[in-house]
Amino acid sequence: MQLSGLKYGATLLDLVGFPHPEFLTGSATNAEIRRLIDAHGRIVVKPVFHEAAGKKGKAGLVRIVDSVHDALAAKRDLFFATHRVGNRTVRANGVTFEAFIESDAEIYFAINESTRDRKPAFTISPFGGTEVEDLAVENLRTVWIDPFMGLKSFDVTNALRELGCPSEYVSPLVQHLPSMWDLYEDYGLTTIELNPIRLHRDADSGQLVPFACDVKAAFDQDNPARKRTGLSDSIFRLDESQFEDEINRLRTYRGQSDAIEMNPNGTILPFMFGGGAATAATETLGERAIFSSDFGGNPPYEKMYDITRIALRHHLAAANVLLVIGGKANNTDIYVTFRGLFDALRDHCAERGTPNIYVVVGRGGPNLVRGMSYARDVLDALGMPYSMFGHDTSMIQVLEYALRIDEWWGNERQPAVQLPETAATV
Amino acid sequence: MRMKQTKPFPYFVGVYSLEELVGKDSRVCVINILGNESRKVTPVSHAYSGGNVVAGVQYGRTGELETPIGPVEVYPSVLAVMEAGRHFDTGVIYLPPSAVAQAASELVTFNPDLKRIVIVTEKVPTSDSRDIRFICQEAGVDVIGANCLGVANAWDKVRIGGALGGDHPEETLRAGSVAIHSNSGNFTTTIAEYLRIAGFGISTAVSSGKDIYIHFALPEFLYAAQNDPRTKAVAIYVEPGGYYEHEALRMIRDRVFAFGKPMVVCVTGRWKKNVSRSCGHAGALAGSGDDAASKEAWFDEYFGVPVFDPTDPRVSKRGVRVASIQHFPDAMRAVYAAIDEQSDFTPDGDLSLKPWIRDTRVTLPSALDIPLVHPPEPYGEQFRAAYRLIGSQPLRRSMRNTSGASRMDPATQVAELHGVSVLDLSTRPLEDNLYFALAKDFPTDEDRRSMNTILHLCARLAKPDLDAVSKARAAGATPNAIAAAALAQQGDPRWIRRTRAYAAWLIDLIREHGIDEQTEHIPAEVGIDAAKTIFFPADHDAEQADTHEPVEHDEVSDFLLTAFRDSEKSCAALHVCRYLIDLAEDRKQQIVDLREFLLASAIVCLFWKPMLKRRITRHGIENAAAHLAAVVCVLACAVDDPAGNEAWKRCATGPLRGLANSFGDTAFAYLFNREPTPEQAREFAMLLGLTITNGPGTLSAKGAKESVSARNHVSMAYVGFLANTGLAHGGNGFEAVKYLLEQFEHTKLKNPAEPAAEINLDELARNAASRYGEFKREQRAIGVMRPAPIPCINHPVFRGAAVNTDPREDFVRRTLAESDIPNVFLEFYHRLVIELQEQGITPNVFCVNIDAVLAVIALKLAWGDLKSQAMSENRLQEIVFSLFLYGRITGIMAEVIDHADRGRDLDCRTPQSELAFVR
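Listed in order, the protein sequences are those of chains A and B. By the numbering used here, the letter at position 112 of the first sequence is numbered 112, and the numbering carries on one by one without gaps. By the numbering used here, the letter at position 428 of the second sequence is numbered 428, and the numbering carries on one by one without gaps.
In short, the hints are calculated from the structure, not lab data. Since the model is a prediction, treat every value here as computed from it, not as a measurement. We put the CB at the ideal spot given by N, CA and C, even for glycine. Certain hints may be false.
A partial selection of chain A residues facing chain B, derived with a Cβ cut-off under 7 Å [stated by the list, open to error]:
{"id": "1", "residue": "E32"}
{"id": "2", "residue": "V143"}
{"id": "3", "residue": "P147"}
{"id": "4", "residue": "G150"}
{"id": "5", "residue": "S153"}
{"id": "6", "residue": "A277"}
{"id": "7", "residue": "G297"}
{"id": "8", "residue": "K328"}
{"id": "9", "residue": "N331"}
{"id": "10", "residue": "S373"}
{"id": "11", "residue": "R376"}
{"id": "12", "residue": "M388"}
{"id": "13", "residue": "Y401"}
Derived coverage of chain A by chain B (criterion: at least 3 residues anywhere in the stretch with Cβ under 8 Å from a Cβ of chain B; other residues may be distant) [unchecked claim]:
{"id": "14", "region": "56-62"}
{"id": "15", "region": "160-171"}
{"id": "16", "region": "180-194"}
{"id": "17", "region": "213-224"}
Let the hints inform the model, and build the full structure from the sequences given.
Next up, the structure:
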């Protein structure tokens, strides 16, 4: 759960009173844009991405303009801009018009969890405005934070002094940055990054004031403190498909219900059990997996039933293979999960007809045989073909077998199995 | 905060060797020991570990947790455990996520001897994990987890925390020389299983969890593995996210600690780089340097050899990385060869594809057609046992005020049975709905014929004593009381007991021998079984329990014998049944209780498919004869003239012909003593269908459920239903009929489907409205502020709109119109509600409710008989009550079966806390 930019980031900054530039969203009227330009001389037009998307400036996605005409032109160009981030391409959905903050200095500041030290830590550099990966190690400092004390001013002072930061910048930063820990700790964040912080001299007081000109934040989805921000969960769901949204709504601490749609045009509908199995299975199935999932953690019957109904409703029609895959479970009751899964399949077929697909099962764990027997009876009654493997077969081999079945079934789409006359069902 | 440091680490680590992490001397206290997961896992762990759980905590409660080796005492807090003198060094936390940090703090606060905490809980907030780390570092306590399955020591046969090794840990966790550290709990066991198959056992296995904070991470694990004399090599499973592995390798490289044992490492999750959200385990954020590819590179650089290739197994003495977990066995073998060591024991197989079960419907291409293997024991035996488990297997629970059969749709206020609204059910004949109540599927045409036949046969076998019924009627008993008395007399007769036993025997026989509709040759063992149990004279080792004498053939058995021989159905039960009949003939023996054997075969055959689909329980099928007998008995009790009722005579004593005809028509004829026209049959079906259920909260359903809860015979559940109907529930339908009779009393209406021209409905409605207006004014004048309403209008649920309609009534009205089935009484009702509004008696147009439909159909069906004086008004009143029983009994059957399948004895009791005393 991430957000970037001032559109939502400003809400976070306001919670702890950290200054940020005045800004308008893409729906601003020409008059509002004109007033912003009149007040600040220049404004910055940025695309709104709903997840972390760095190097926008280098990609030409940040425009500084001084007229309404140019601001509108920038809005047109950037509103649906696409941006390559690593291996991913993200698409903007809107723009912000932000007051341009005159400054001689740009500061980088972030708090996150350091898995090297197993402590929270802040990272700071007076050479901000660029991605942290691009900064030389000697130009930044990372200092761990005692969570029971919070971010200490003297740690900020010492870090900036070591980095050769001009002394006039230190005091305003030391005054404002400790509040970032309050934000981080109290609102369930796992990352907060302000980059750049631009230091602007206030015309009236002559004091330097730090303005956070861009914000990136990642939230801990297991931490209910997130809800205190007042940000609607829906802003984190903008990049979720309808399928993911429905599955993730079932998320409770009993049993996993995580799913990510990998390829809606894939041909294998995989129900993966266990974090490790999900990781390995997604890797092995590649783009043929319609989604990646972890439905392990001993889900109760009702949850497994609901998850399956959703998955089948969205994706069964495209599939050649329905795959149930996991290692040798420790405490997941296979019988309960298979009952939920295959009851849902049966009821789906009763409503929408029996699909022409092959079922592959690879699983181990408590009550395995009862679970497999249950599945067999339902599949036999539905007339669906299947192969089931126990834990004495490598899980990866079962995945590879499913890939081969998928290829054969897809290429030589097998005719639907002809059953004797079946009951019309409800 | 000044945190502890233990050399060689810059933080606290309390373990020198993996042997110490958990061992036979570890003593455990489990927090939330009676929670859902712990309740199942802790007893297995406790027994496997030789009884190392000294206490459990269930906040605010005391008690015991039963385990195979004796109970574990449960205390209300950690402090209480300490005060009781229970000493432990390891805490295991099973609490929900929000409570985990508090529990860790409590353990640290009250137990100065605490050495480790294992946190099983998933989805612990990162900030809480952070706090736990700081608290435990300060206190000098090691933490394993969260989101993990704990630690197992195979040498000491101890597991602490979660369920490593599942419910049979001794099966997977064999003692050996490999230590496992895995980010995945499931893979901890899976890797142990793969290694075991290849001849490698386990020293200690650690499920580390894969949250952002991994408290017992790779650096300290490797340090402890190096110092563990049992461990010769380590197997590591790694996922993206975190620099723990980087730090471990850096420490080895920088000689922070010495490490000289080989590692086999699997890193998965390259794909996670391309997604921005975590799925399952916490992953690396896109663009960070701790993704799977980076981790692979860290290890490859350390090993100095590329990823393991089973066809060219190159490894270094430091170990090797494998591309997938299936290569652990081969890579471990190669690594052991490199360090000149032997595997721990003889391998007992491999990980090749071994399908256990497969369908026989499709022919796989040869490359995919891998031969089936027999599952290893005990799984093979479990399959044989599980094959006998057929049909739905719902979990038992309290079913008080709960139903898995019926419900009221809160949005539409239309009741549903098995997910189908009563509106849809009202378009089907009685026999379809009775089948549906049992099977949860609708019947095919063939099924319908079988259902009708079985119903007609049951009607003969379960016929009530109509002389007694007549006497009760003459004494003024209501229809429900008459039927209840007849049913109570029925009990659980021999023919039902034998049919039930035969159904159970047949199901077992079919499953035991793997027979299905495709089976061409029935195994000879079936005949041997039969000869021992159901043939007469019996073989010398016979097991016949109920009787040793065959009952003579009767007309029912003769009928069924012919029907079975002529049947073209494809069904396992039919195959077996025919086979046994022929076999008995060949052996010149007889089948004991042939009639019941044939009836049971017909029932099993009829419901086999829904049972195979796990829609219904085998218990439901075994008792189907009892249910159907109860239903037909109740229906027959409505016959008021046994000597003159042709349908009754045909069913009770007539020749067995036309049994596949609609039983709904027979039921109609029981009531009206004539065959229905097609139009009347539809109206009759609609009337019954609409009454099937109103949800499990109705008095009638509760009566039946309570009787089941008291563990009565099937017939008594229907007595409970009948006892809970009466003049206010079921019998009240006559109020509307009576009202209509009054309105139409002086008209010349002959046929309600074709009102003569002289019937002026508008005028009738206008007069009725004005009479009611007058009545209302009179009542108010004498101080009655809520005068009695006109029956069947103004259902409160739908009050409020300018023109109100009851969607159920609307559905029926449209359906009747589409079928061109007019009903003058219904039309009258609709004109009446408009008149009431136009005359200012009601503020808006009230709705005509569903009860009106029942009344108008009942009156229309009886009108001709009433007018010809073939039927008295009293008889009409009985018929209206009986019609309710006729309809509702279908829903009751579903409810009774559902409660029997899911409920528990006495589960309908009301707890003392909900009872009140009033003066």
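ask   = With a cut-off of 8 Å between beta carbons, are at least three residues of the region 180-194 of chain A near chain B?
value = Per the Cβ count (4), the hint holds.
message = A closest beta-carbon separation below 7 Å is what the hint needs, so does R376 (chain A) meet it against chain B?
response = holds (6 Å)
task = Closer than 8 Å, Cβ to Cβ, for at least three residues: run that test on the region 56-62 of chain A against chain B and report holds or violated.
result = With 0 residues close enough to chain B, the hint is violated.
task = Using 7 Å as the Cβ threshold, decide whether A277 (chain A) counts as touching chain B.
result = A277 (chain A) check passes; min Cβ-Cβ to chain B is 6 Å, inside 7 Å.
ask   = Under a C-beta cut-off of less than 8 Å, do 3 or more residues of the region 160-171 of chain A approach chain B closely enough to confirm the stated coverage?
value = Result for this restraint: violated, n = 0.
query = With 7 Å as the cut and Cβ atoms as the points, is K328 (chain A) at the interface with chain B?
reply = holds (5 Å)
Interface hint for P147 (chain A), Cβ within 7 Å of any Cβ on chain B = Holds, because the Cβ-Cβ distance from P147 (chain A) to chain B comes to roughly 5 Å (cut-off 7 Å).
ask   = Taking the closest Cβ pair, is M388 (chain A) under 7 Å from chain B?
value = This hint holds: M388 (chain A) lies near chain B, its Cβ roughly 5 Å from the closest one there, short of 7 Å.
ask   = At a threshold of 7 Å, is the proposed contact between E32 (chain A) and chain B supported by beta-carbon distances?
value = violated (32 Å)
ask   = Against chain B, is G297 (chain A) within 7 Å by beta-carbon distance?
value = Hint on G297 (chain A): holds, closest Cβ of chain B at ~6 Å, below 7 Å.
Hinted contact S153 (chain A) with chain B - closest CB pair below 7 Å = violated (17 Å)
key: Status of the hint placing G150 (chain A) at chain B (closest C-beta pair under 7 Å)   = At about 12 Å, which exceeds the 7 Å cut-off, the nearest Cβ of chain B leaves the hint on G150 (chain A) violated.
Of the hints listed earlier, those the structure fails to meet are numbers 1, 2, 4, 5, 14, 15, in rising order.
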